[in-house]
Each structure stands twice: as structure tokens, then as C-alpha cells.
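Go ahead and model the full structure; you've got the sequences and the hints to work with.
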Amino acid sequence: MMRLPPWARSGRVILGLSLVLIVVLCALFAPWLAPNDPNRQDLLGTLMPPAWAPGGSASWPLGTDSLGRCILSRLIYGARVALTVAVIASTGAMVLGALLAYAAGYLGGWVDWLIGRIVDIWLSFPPVILALILMVGLGSGIQNVILAIILVDWTRFCRVLRAEVMVVSQRDYVAAARLLGFSHMRTVIREVAPATFPLLITLLALEMGIAVVVEAILSFVGMSVGSDTPAWGQMIADARQTVYQAPWNVIFPVGAIFVVVFAFNILGDGLRRTLDARLTQTERS
Amino acid sequence: MTATIAKLVMRRFLVAIPTLLFVSILLFVVLRILPVDPAAMSVPPNATLAEIERMREQMGLHLPIPQQYLIWLGDLLRGDFGTSTHFRTGVAGLVATTLPATIELAVMGMILGGGLGLCGGLLIFYFRDTRTEAALDVGTIAVLSLPDFLWALFLMLVFGVVWQILPFTGRLSPDLDRPVVTGFLLLDTLITGQPKTFVNALYHMILPAMALGISAAPPIIRVLRSSLLDTYQEDFIHQARLRGLSERRILLRHGLKNAILPTLSLMGVQFGFLFGGTLLVEIIFSYPGMGNLMVDAIRNTDLPIIQTVGLTYCVMVLLVSITVDSLYLILNPKLRAR
Amino acid sequence: MSLLQANELSVALRLHAGDFPALSNLSFKVEAGRTLGIVGESGAGKSMITRSIAQLLPRGFSVTGGSLRFMGQDLLGMHADARRALFGREIAFIPQEPLSALNPVLTVGQQMQEHLLHIGVRRGEWRDRAIAALSDVQLQDPAGLLAKYPHQLSGGMCQRVLIAMAFVSRPKLLIADEPTTALDVTIQARIMDLIADLRRQHGTAVIFITHDLRLAAQICDEIMVLYAGRQAEYGPARALMEAPRHPYTRCLQLAVPAMTGPRRGLYILPERMPGLRAVRAMSGCRFAERCPLADSACLAGEPAPAKVAPGHVAACLRPEATASIAPPPPPDHAAASTTAGEPLLKLDGLGKVFVTRRRLIGKPDLFSALNSATLELHQGEFFGIVGESGSGKSTLGRLVVGLEQPTRGRIMLLGRDIGNERAETRAFRRENVQIVFQDPQSALNPRRRVAAIITQVLEAAGVPEAERQVRARELLAEIGLSPESAHSYPSQLSGGQKQRVNIARALCRPPQVLVADEIASGLDVSVQAQLLNLLLRLRKDHGFSMLFISHDLSVVRYLCDRVAVMNRGEIVETGRTEEVFANPAHPYTQTLLASVPPDQAAADTLDHQGATP
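Chains as they are written, first to last, in my numbering: chain A, 3 to 287; chain B, 1105 to 1442; chain C, 0 to 612.
Simulated from the structure, these hints should not be mistaken for laboratory data. Predicted model, so just to flag it, every value in this text is computed and none were measured.
Over 12 angstroms on every C-beta distance to chain C, these chain A residues come out as not near it, computed from the model:
#1 37
#2 56
#3 68
#4 149
#5 203
#6 224
In silico EDC-like cross-links for lysine to aspartate or glutamate, where the CA-CA straight-line distance does not exceed 20 angstroms:
#7 1438(B) / 364(C)
#8 345(C) / 430(C)
#9 1111(B) / 364(C)
We put the CB at the ideal spot given by N, CA and C, even for glycine.
The following block contains the structure:
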């Protein structure tokens, strides 16, 4: 029998991965899973309560919103936007942040100084404010949401990774590789980078949760996808108008965001523990 | 010793100036690449092309971007923050009336967040190596998984809508008069001697400040816990036990005093981000601070407001980080003696 | 009644699979005012004894039997509060790492105050008492010292502060766990003298835990030698050193190079000490596998400690045979090296100044690590560079291999200046000079397999994988590792094996000059002996020269043909090793040599006994 690596045996990783998998399946098979067309309005059946509450109907398991659209269907379709943004934006932020971190941490000197100052400038913005301002400049739309998240959150990777790269670069085996004839490029790829992968993977998992939140914020203020694409943030913003009549409508999308972010966080935490990636300053804000 | 600290803090301030300069450039450039024309937004919808062109010139938008920037910066240094294209009033006045509300809320959130974070960190550390620890730890991750504006919604639903025990709109009940001295409501009500209004204002602040505090606490909890665990690996803790000191004393005097340092530097970042969190929390609680001003300005593409408010947020973040860094200097002798 | 008495003390790691013994049936006692040395290599269980006394055993470990009594009180069954009342007052501890044993965010004064108030000194008096205690340990300006933070002090000063804290309560028993291992040899000597003085003044009993048999012999009345959690030998220091009755004690003695007299060979113990898991499976003598005298009887049952002389016990079936273990013949130095002809490597007025801090305006802060070093290294010569920390010896090594660039002087290799970063110089240097780093933990990439690590130079040159595998197998054979270890990761190897891999990597394409920076320090003496002999054998096969940088004088004496003594960035003395060690000319060399514990137990150990009532 093959022995699983420690990370695959961690309860946290298994829980996180399972939850992520469920959401991924929802997003992929949305047309088959959703009971109704997420955009079909039924103006006679607005603000219906969930099926189990008095006055609920089985055709709308979680009720309807103020335009009479099926909440459950919109939640399932909303997973598509959330996951698309999470995967692409986090990967982009990781690539940008990691490249700069390797350059700064390995080369040191003025390169490190310059990148350090840029990170400082970025860190003087609260991330939400910077994302909003970028969205004003770029205009709304999902690709701009992704771009904005990359441009805001690369610093999360850069800051933490740079410190790690500096520590690894001080190791004697890096000096030895240079003395044995490795080029700088090869030294970074073969000796430095592999030591930072555990940290990178952990950060990536955490960043996915952050990206989901940022997308929700931007769609909450109406700067993400158009109104014909269901997104969780939008659903919350809509439901807020009718919170007295239908508090459930707020709770469901909030719950959906919570579950996805929790999945990525618990996955990240499990990876951090089992891959022994040291994080102190990387916790999300 | 105080002299060296003062010198180092001064240096920190000086470093912040170029940072702020680049922040303003970044802001300006980003807002100049936007796809909509601010001139077109600030004339009546039936205006002719010529009228729009005249507006562009009036707003200085026909000039090259570096020149526009220098004009803006020059005005800024003279204390002229421009005029809102939407409200037709000075931006300085708008920011001055909303900023105190935001600061008040943020500081309250920081106090709650810091307090919760430190207590939680100590609590989890106390339960180290037990099943309780694992449960508390997963609980922390769960709390961490709900961002501040969703906490705001959640608290509003529970305490405001369902239980109806706390107010959740604005800073004050509409039937009360609002004293204006400094703009900080809690302070003003105290100065003018209106305890009833003070309590009312405090009530209004509880839910938004809690939303900010609760979501700021988990990272602090986690860092404090892990720094305490690291510190307890150190020889001096072992040595303190061998000197016969009590566990309580070891924790407070030797453990916490060292573990607080990494926690503090995290708090600097964390509290800076908390300022960003006030934006959405303010919207959810209809709290008349800078966040509402900002979102309105974004809807109206009101560039002078967006620029100034954006910059103000950055100044706040820098102030928080300078404060935290100064505290760090006071607590960490290694940084002082160089 | 003895001050401290351990009776059949056993400690084990308790797991689901059962108990894994860490200490087995240890009995020893410390009389008031006497000094007991506990000696063993890493893994022998030395620090488990301190931890048992303190009842601060690592997680999973617990006392499984026996008793431990201090002045008649049961230390093991005692309530935590009662034990806490003893610690810091009646029983004091001196730690191994002085720099990390003081709280970095509190001043020396704050920590002294805390301790003094804890032991019952009145609030108004603590300052005077603290100043008096710091003067007792010969610290300058004790009043000023109170306001200092630990990071502003040197390791030696921190250790003095800790000693002052330990003695301030006039303890009956002092437990010193490797108190000088982290310190330079001259500081070590002064600290040991200080402890001895205070001990005599106050009549304190001392348990001195160390890996260094000679150091223990110098200061202790009795010595207990531990092997794999068992008592190997226990007796008066002098008797034990002059006529050891357990083969392990004898082998330990012979594994360390002599400081005086003719050079002798090092006794090589094969393999290494069994770990907790291996010990559990053993039925016979735990040392039998490595013992030169063992036979089938030794494997049959574990020998109990038996009396061999008054107050002297040894756990061996044939203690009298121990004397028959003889040192191997000395290494052959003359044949390997020649000082005639052109030198291979020539350092000419070499200097290095580091910029410690750049300023925007004004001059940068500078630190001169190496002032002006001149020396010549000949074909096949092992050249020792000795000095204490901060002497510039490591900087010299880093300059030679090109990790740093000199700010002054020249490095001539085979008549060519290699003190620059030009591409052709780098290539030339790479062909001819290689380095072995001090710490294999840091020098070996934990994510690469041994075969990949040792043939890294071939990978850089683009040699195909198959060829590299062949070379890897040759190299492993040369350094005495099994062919299977090619597929291991460094974490799966022992400390000694890692250091061999470290050496193999540098020798993959044999260089002319090898720079070895402290490669034998931090290893147990038996492992160190294996490593030194490996270097000598490799020289015979490949004929390279070596700059051997070390703080350990005895190792340099054994290994090197010539030696340079460094102090504060200067080479103060150079010469043939035997001559320098026998007749040191420079005062610093004399101090250095005087600080090393002598080969035999000091003659005055018996005087200690006379001093106690």
C-alpha cells in the first residue's frame, strides 16, 4: 500500500479540498444542478420564502428574490464567477508577486530596495480602496476585476516570499551551487525556488479565499459583472433592500461566500501545517 | 533613550513623505486612464460637444497628464483640494465633515479588534496541546472566513432586524441634536455635557465597530499564539522555570513581552487594512463617513473627491503604521541600540 | 546522607508501541561540595538527567522507575510548588547557550531584580546585592551593566551574568549543562576557573555535564560516563582517566587527538551509538556492537555496573582487558606534503573590509574582518588556520574560494591572480578550488538526493545523467557510504554521513585546493575521528592541499602539517604544527594553548577533596 504524503492525511486539507470540490462541481454542472433559469423573473412570485418555511414552494427551494428569481439557481451559477475570479486572479497575483520576490530576495541590493519601496507604496493603500480606484480607472467587468485583484494582491505574495527567499539564499547550498558553476538563473530555479514552493502553495490557497471576497465586494458595489450574470455580491446588495421582508435572501449568499472562503482558508491552514511553511504575517486581512 | 526613539520616529515620518508622493502619482495616473470622460459627466446631459470641450478646458483635462498632476499637487500643497464636480462644493469641506466619523469608527474597531485578538491569542495558547485548542483554532479560521462587511450584515440582521436591541443606521438617532466641536461625536457629546447623546452615539457605534473588530481579530489571535509558542521554545523560558519562577509570571513577563513584538508588526498592517474595511461597513450601516462619500463619488465619477478621499485613506494607513512602528521601537531594545 | 542521590533512575519515551528507554537504572550521588562530571556523546542521555532533576522532561518522556533525592527530599514525587521553591535557591542551573538564556527584551538589571526578589531579597537591597554578585564574577562596571540588554553583551559576559544569578542564592547544588560549549576556548578556560573559584568559596556541589572527557577530568572529582542511556563507567576522575575500566571510556580517550607528546593515531569506533529504538531491541551490552573486545558473552546479557576498585564501577564483563586497547599508528605526514618548490596558493597581504552600514551622506560604517594575511600553501599540504570567533579565519576562507572579493592584496593560484570576479577567473577557480562548508544542515539542499548533490558540478557542466550516476557511486565508495544512500535525502543521514556527502561534493572533480571551514566541529568525537582519517586517506589518493579552518587546536595538531594562528584579523604566528604547539612564540598563541584542557586529569583534582569538610 502506498503511504500518502502528510498533507493528504491532514483532516483540514481533506475538509478544505472536499468543500472546494463540491463548489467546483456546482460551478461546472450549474445548468444541470440549478432547478430554474437563474435569470427568469416571476413578478407574481417575488420574495418567496424557502421551501420549508410557511408559504414556501418546492419549485424554489431557497425562495425567490425581489424580482422573483430563483435564489438557489442564482447561488449555483454565482459559484462560476467566484471560482473563475479566485483561480485566475490568485494565480496571476502569485506569478507577479513571486517573480518580483525572487528577484528582490535573491539579487538583493538596489533591486531589492526598489521592489521594497514599491511594495511600501502599495501597502499604504487599504486593499479595498485600491481595488475600487483601479476599477474606476479600468471600468467594470469580470476581466477587470481579475486584473484589479492581481494588481492589488501581488504584494501579499511578494512581501512574504521575499523574506523566505532571502533566508534560503543565505543557505550554504546556494553558495555551493554558484561555486560549482550554476548560473544565477539555474541556482534560483533548482536551489532557491523549490524551497519556497510549500509557502507558495499555502499562500495561493489563502489568496483564493481573498479573491472570492474582493469579487463579492466589487459586485456588491456594482462594479463587477453585469446584472445578467448572477454573482453573490450582487445578490447580497439586492437582498439588502428587502432585508425586513426577506432576511433569508441575505443569509444564503453570505453563507455561500463563507463556505467557499472557509474551504480555502482551512485548506491553506492544513497545507501550512503539513508542508511546514512558516507564515506569520500572511494571514489575510 | 527617548532621544534615539524620537530620532527614529522622525526618520520614519521623513520616509513616509516620498511614499505619499508616489501614492499620489499612482492615484492620479490610474484615474486618468479611465474610460468615461469626467467632463461629460459634469455637464447637463443635453450639453453640446462644444460645451463639453469648454468643460474639459475649464477642468484642465486637455493638458498633458504630468502637467495636470503638478497643478493638482501644487493646489494640494496650498490647501486647495479642488471642487466636487457633482456636489459643486469644496472637497476639503466634504472630507473634513466625514473624516472624523470614519476615524472614530476605525479607532473603535481597532480597540475591539486588538482586545479580542490579544485575549483570544492568550486563550488559545493557554489551551495548547489540548482538544480545545484544535476546536478554538478551527473556530478562528471560521471567523476569519467571513469578511468585515459580511460580519456587518450578519450583526445587523441578528441584533438589529431580528432581536432589535441595537440601532443600525447612522451615527445618532434622528431626534437628537448633534453637537459640533471637533467632529468626533463621542468627544463632542462629552465636551458639551450631553451624556444621553453620548450613550446614543456609542450604541450606534457598537455594531459597525464590532464588525470591524471581529474580522480584524483572528490574524492577531493566530500570530500571537504562534509567537508565544515560538517564544516558549527559547532557552530563557526554560531558564526562568529553572529559576523557580511561576508559570503566570513566565507568561506575562517573559513570554508575552517577547511574543507581542511580531504581533505588533502584524497589527500595523492589519489596522491599516481596517481603514479600508470601514468603507463597506459604513455603507451597510448608512454611517456618514468617508466610505459613503467615496462610493457616491465613484457612482458619479467625481474625480476630485475620489483622489482626495483615496489619498486621505493612505495618510491614515501611514499614520497607523508609524504609530505601530514607534510602539515597536519602544518595546524592542534591539532596534533602538544600533 | 548525600546531597543528591539517584537510585536506579530510569526515564523512557512512552508511546503506544511501548516504552523506549532513554535512561536505564542510573545510580549516582553527589556529596556536598564535590563535583561530578557526566560525560557522553550526543544521544547518551546527559541532558535527560538535568531534565529529570528539573522535572521538565520533553513531551512523551517520563520517569519509569527509581528515585531521585535531594537532601533526603523526594524530587520526583514533590509538589510543583515545593520544587519551585528549591530552584533558584538551593539548586541553581547554568545553561548551555548563554546568549539565548537571557530574555532579550529585559535589561540585565530587570532580570537580576526579578531573580533577587524571587529568592527573598528585600526591595531596597536588590541593587546592592546585584552589583556585588556581578563583581563576584569579575564583570567590569557592574552598575552600568544593569542597564544593558543581553544583545549588547558578548557570550562570555552573558554567561558570567547567569553564573552570578546562579551563585547569588548560595545554592547547595549547581547543575551546569555544557556551560562553555558555545564559547571560545580562552573564554571557556576563564569561565571554568570562575565556576571552580565560586564553588570553592561557597562549598557548592556541582554536576557538570559535558561531551568533553578531558574538560571533565580537569575539574571534576568523579566522572560518570554514559553510553546509550546506561552507565558505562563511574569513578574518581583521576583513576578513570589513567586506567579506564570500560572499553568505551578508553575509546573516547583515544578518539581525541593528543595535545602534547608525539602524535598518535585516532581510535576509530565503527558505526554510531544506538538510538532509542535500537536500544529497546537489544538484550546484551549496548556497546558490544562497536566494542573491540566484545564476544558472544557480551551479546547474551547486559552487564550490570560492577565494582572494579573502591568507588569505581564499570559495566563490563572484562574491565581489566580495557588496557589492551592500543592507539593505531600515527598518520604519515612527511610523505604526503612537500614544502619545497613553488607554492600552489599564495596569499599576499590579503585584506577585507566590510561595509556594515551605508549612509546617504557621510562616510559608511566599516568593519575590517581581515587586515593583512600572507601565507603559502604547498602541493599536498594540510594547512591549519586556527583562531577564535571574529579572528577573520572564515573570511580568509571565503576570499580564497571567491565568495567574497578582497579589498586589499592578492590571491595567487598556480601563478595566477584569482582575487576578482571575471568570468575566466571564476571558471579557473572552480576547476582548482572548492569549499566544504561548516554546517551540512545548511550546505546540503534538503530537497535533492545524495547522488544529485555530490555530482552537482557535473550537472553544471552538462554531463549526462547516466555518467553522473556512475561517478556518484564511485564517490560514495570513496567516502565510505553505501551505494543505496545515493537515493537518500540528506535528512535521512546522520551528522557524520552528511559531512561526508559535503566533502564528496567538493571532491567530485578533485580540486588542487580544498577549503574546509570548521567541518569537524559540532560532531561527536568518534564521528570526528572517522572524518579526520577520511581526509587523510583522500589526500593520499588525490593529493590535494587543504586550508583547514578550525577553532579546535587538537584537531589541527593531528591533521595539519603547518598552522597559522589568527587573532583579530591578523595572522600572529605561522610555522610547522609541532613547533608552534611545542614552542609558541606569540603571547596570543601561548594563551590559546594554555586554555586547552590537558590530556590527563589535572594533578590538583585530589586537592578538591581536601577542601571539603
